[in-house]
Amino acid sequence: MRLKRSMRWEARTLAPIISLFLLIVGTALVVPGFLRLSIVDGHIYGSLIDILHRSTPTALIALGMAVVIGTKGIDLSVGAIIAICGAVTAVLTASTELHPLIVLGCAVLAGMVCGLWNGTLVAVFGIQPIVATLILMVAGRGIAQMITGGQIVTFHSDFINAIGNGFFMGLPARVVLAAVIIAITVLVLRKTALGMFLEAVGGNSEASRLVGIDSKLLILMVYVFSGFCAALAGVIIAADIRGADANNAGLWLELDAILAVVIAGASLSGGRIYLGLTIVGALIIQTLTTAILTSGLPAQYNLIVKASIILLVLLLQSRVTQNFIKTRVQAFRRSSDAQ
Amino acid sequence: MKLSKTFTSMLPALAASTAVLLSSPAFAETYGFSQIGSESGWRTSETNSIKAEAEARGIDLKFSDAQQRQENQIKAVRSFIAQGVDGILLAPVVETGWDQVLREAQRAEIPVVLIDRGVDADPSLYLTKVASDFTEEGALAASWLAAETNGVCDIVELQGTVGSSAAIDRKTGFDSVISNFPNMNIIRSQSGDFTRAGGKEVMESFLKAEGGGENICALFAHNDDMALGAIQAIKEAQLQPAEDILVLSIDAVPDIFRAMADGEANATIELNPHLGGPAFDAIAAHERGEEVDKWIKANGPLYLPDTAEAEYQARQ
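Line order of the protein sequences matches chains A and B. In terms of the working numbering, the numbers along the first sequence are unbroken and rise by one, the last being 329. In terms of the working numbering, the numbers along the second sequence are unbroken and rise by one, the last being 602.
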């Protein structure tokens, strides 16, 4: 019995990793040179590095989203928070003489305030998460447009640019930054009881309250964390193009983040947090985008190809498919044993 | 009951007679302008240009910002009709759903001029459309590139949002010209969604897919923002934009002039925001009883780096 349980867990864990592997191998067959890595100007250069580089914003907000969804919540406002924090970064850098670290601090603070707003609506006022965060999703872009005055505000700061495009020990700086944040999150959630508490709140909020977990405070905190992650993604996206585009920065990125969490195998009804697999999910989405862009596919097929492959990944993930494969494998073993 | 009905039926007649009074030559002309919103820098400059043109002509312009919503625009047009304006300028947010309100304007004998976009309605319902011809913009871009490269060039193209008329027509116009040159080819073409981030990401993948970009001769972007993103990608690949890869785009936003002045872009074609003049001229011609074309093309010129610094200062 014990063995069986761990086997099922393994199959579910392996599915996203296998998908990512197949996707990379498949693209490498279609696009020659996809796996090629070279050293240009002292840092690694190639499509695989591009995937890591480009997936950073999605991976960061998916990290926050995984924790929020683990508590049976959802955060639709992350795209708008990205726009707000990008706008704060650009406007403060362009029109003040503040030190870039202070600018960074202000942007992160803005994101956390947005998260606090969401958290208050959900935890204190008991508004359903999808509705509570929808408010900021709609209003947030308006706030960002107000900050930028409706224009794309461009800025120049060596420090902020380095976050978006710089390199640290041969790797993109933003990838290193995201890796540090992810590692800290994994350590805090898995080496302390916090992760278990969060999953308990997601599994049954009332029961966890009765055993003495302060579920309101925890829920408030996860939205602030999601806002923090979105703020970092917002700074990275603004630094990438050296400007804040309030209309388009992070547009629909919340959906990619939710998708990454689902690919990881988490249920939207909460109770489970898979951090590592969520990052794999974000990598799958970005690999797909980069693969489509480098393959030379006509632009009008982008969305249909993307949707079809995501569907395949999710089917591979589904319990029905996995059970089907398992029974086939068992039947095959039995028949070969009989012979 | 009967009385109130009679009164209600008299209302439009009453409104119409007031309108006649208001539009008599003793008063300044009053026009209504229903704008989509202020979602881009281009649209803001369009609004400002039309307001300035109205002021210069002594026209009383009633302005309404629809904040991207058609129902707000329909409401605005109805209120212009009720106020009995002499003409209506409408920048339609979508193509469909205008028949009813345009018919109301026609019944009130108020000419409607469409600004910068078309509608999917019977052309008899509006006076004219004042807008750029995206196909001609694409063709002009291709002509410049053909002249610049003597008809030998491997081009990468950054398309606008798939399905948008600007993307479809600019591509059609560009393709129609380069098809005359056997040595001009589009080797890569993808959508960058009209955004800087999109342009940068797609250009990065083009550079990877084309062996570092050594053999790319030119970049044609359907708008300046994508070109500005792509310029960063080219620089990060250790190539010199505008020299190693020619950069050509459309719209003429201020930042592309900055890039041209810095020697990072080669040419841009203006998407003309100064549509007020032709629109007011059309209404005036209509009032004189003249025939007006159904599409007044207001195409902008192609700008080169030599005037970029001055244009950038003028647009600040």
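Keep in mind that a hint or two might mislead.
Partial list, derived from the structure: chain B residues whose beta carbon lies under 10 Å from chain A [as the list claims (entries may be wrong)]:
{"#": "1", "residue": "R329"}
{"#": "2", "residue": "Q356"}
{"#": "3", "residue": "I360"}
{"#": "4", "residue": "Q445"}
{"#": "5", "residue": "R482"}
{"#": "6", "residue": "G485"}
{"#": "7", "residue": "F492"}
{"#": "8", "residue": "K494"}
{"#": "9", "residue": "G498"}
{"#": "10", "residue": "N501"}
{"#": "11", "residue": "G575"}
Quick caveat, the hints were computed from the structure, so don't treat them as lab data. A quick note: this is a predicted structure, and the numbers were derived from the prediction, not measured. Using N, Cα and C, we set each Cβ at its ideal position, and we do this for glycine too.
Consistency of the hints with the structure:
1. R329: Result: holds, 9 Å to nearest chain A Cβ.
2. Q356: Violated: closest Cβ of chain A sits about 18 Å from B/Q356, beyond 10 Å.
3. I360: Not OK, violated: B/I360 not within 10 Å of chain A, min 22 Å.
4. Q445: 5 Å, holds
5. R482: Cβ of B/R482 sits 4 Å from chain A, so the hint holds.
6. G485: 9 Å, holds
7. F492: 8 Å, holds
8. K494: 5 Å, holds
9. G498: Status holds, d = 8 Å.
10. N501: Since chain A brings no Cβ nearer than about 14 Å to B/N501, farther than 10 Å, the hint is violated.
11. G575: 41 Å, violated
In this structure, the earlier hints numbered 2, 3, 10 and 11 are contradicted, and the remaining ones agree with it.
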